[in-house]
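So the protein sequences, as listed, match chains Z and X. Residues in the first sequence are numbered consecutively from 1, following the numbering used here. Residues in the second sequence are numbered consecutively from 1001, following the numbering used here.
Simulated from the structure, these hints should not be mistaken for laboratory data. Note that this is a predicted model, so its numbers are computed, not measured. Fair warning: there could be bad hints in the mix.
As the list claims (entries may be wrong) - Derived coverage of chain Z by chain X (criterion: at least 3 residues anywhere in the stretch with Cβ under 8 Å from a Cβ of chain X; other residues may be distant):
#1 68-78
#2 97-105
#3 133-139
#4 159-171
What the hints assert, rightly or not - Some, not all, of what chain X presents toward chain Z, calculated at C-beta under 7 Å:
#5 Ser1030
#6 Tyr1089
#7 Leu1093
#8 Ala1095
Backbone N, C-alpha and C define an ideal beta-carbon position, used for all residues, glycine too.
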Amino acid sequence: MEVLLILAAAGLLAAGGALVAGLSRRSKEKALGEPRLVVSPAPYAFGEVVPCRLASVVRAPIRVERVRFFLRCAESVRWTETETDGNGRRRSVERTQAALVWSAEETVAFARELKAGERFEAEVDLRLPEAGGPTFSAAHNEVTWQVAVSVEQAEGALLEEARPIVVEARRRFDAPAPPR
Amino acid sequence: MKWAVDARVEPDGPAEAGSTVWVWVKAEPSEPATCRAVHCELVWATGGRGTPDRACVFTGRKDGGAAAPGTPLTAEFQIALPAAGPITYGGRLIAIGWHVRVWVDLAWTQDPEAVVPLVVVPRRG
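Given these sequences and hints, build the entire structure.
Here's what the structure looks like:
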């Protein structure tokens, strides 16, 4: 009985802790104002630069250590498998798998306290690779590109946002020709 | 009777998305014969872990006729590759390949065919 009570108390404490942490994170997010990740929706070519910008007006004092921007390419696939259970019944199961196939990162260091009303801005240029898989979408296979941003404090990410971008089957005009 | 079907794609080598390729077909029977038509299709297909996706982006047909050893039937197809791709791709979970398939339409027998892989690369600009 005592053990059960201790376990229940520990569970309540953990749930309470998670709730407090969640609320604290939410309030810190609010302190940042309404940060918007701005990325031009224009389709991009391989080798081109993707300008990324995060901007906001701070609502309450908050310390920001760094802002990390990511440019990522991921593949995702779907397929169906037929499973047989112990009674010999067959059923179709939809499976999915995703893999990050390319990533670039730029960090803007802040390491300071931002004041209420202060403009909070970070911008970087992330360059697409010279070659790779353009944005592709079919019924079971997908190649997607996205820009993501993470605003971080010493204890971890405060805010994470992502925007999809379109990479065309096109390479920068002065890019080297592919191998024949 | 046997037919030798040969297909050649120009330009030889990688083709840019959005560019034009020509397909030259030569079909030669082992004895005088007639074919109904020569067909051509351009297809991309995915491979890899997921269920394959496939699309035929061009189909063409040219009237057939009589052919004999030494006087093959020839046909030419002009194909505009889609500017939006996809391109030939070898990723971690997904592979995308292109091929041209040509076949000779014969009466009452299996149609002989030839398949030529095509490498599609991003266009410049």
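Each hint tested on the structure:
1. 68-78: holds (count 4)
2. 97-105: holds (count 4)
3. 133-139: That given contact holds, which follows from 5 residues of the segment 133-139 of chain Z lying within Cβ reach (below 8 Å) of chain X.
4. 159-171: Since three or more residues must qualify, the claim that chain X covers the segment 159-171 of chain Z holds, with 4 doing so at under 8 Å.
5. Ser1030: 36 Å, violated
6. Tyr1089: At about 5 Å, which falls below the 7 Å cut-off, the nearest Cβ of chain Z leaves the hint on tyrosine 1089 (chain X) intact, so it holds.
7. Leu1093: 5 Å, holds
8. Ala1095: Hint violated; alanine 1095 (chain X) Cβ to chain Z Cβ min 9 Å, cut 7 Å.
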